[in-house]
Amino acid sequence: MLPVRHWAEFLNDATLADSILDRLVKSSHRLEMDCPSMRDKAQYGAIPRIKRD
-2 MLPVRHWAEF
8 LNDATLADSI
18 LDRLVKSSHR
28 LEMDCPSMRD
38 KAQYGAIPRI
48 KRD
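-2 is the number of the first residue of the sequence shown in the working numbering; add one for each residue after it.
It is possible that some hints are incorrect.
[Unchecked claim] Here are the in silico distance ranges between beta carbons for each label pair: (1) E6 - L28: 34 to 44 Å; (2) A5 - R49: 30 to 40 Å; (3) S25 - L(-1): 39 to 49 Å; (4) I47 - M(-2): 16 to 26 Å.
Honestly, the hints are just simulated from the structure, not real lab data.
Every residue, glycine too, gets a C-beta built ideally from N, C-alpha and C.
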């Protein structure tokens, strides 16, 4: 997953990146978290990931 802060660089167009973000998250708040995902915690009911070779 590409963090939102890198969209402008990836798309090579800051205006386009801002426009896409505005349409995707019209009336929401964006929080960037720097911590382990709760989705990966078995104690919280996470489904085990399939390990691929």
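Structure-based check of all given hints:
The hinted range of 34 to 44 Å is not satisfied by E6 and L28, whose Cβ atoms lie roughly 21 Å apart. In this structure the hint that A5 and R49 lie 30 to 40 Å apart at CB holds, the actual value being about 32 Å. Between S25 and L(-1) the C-beta distance comes to about 18 Å, which lies outside the given range of 39 to 49 Å. Taken as a hint, the range 16 to 26 Å holds for the pair I47 and M(-2), whose Cβ atoms sit roughly 18 Å apart.
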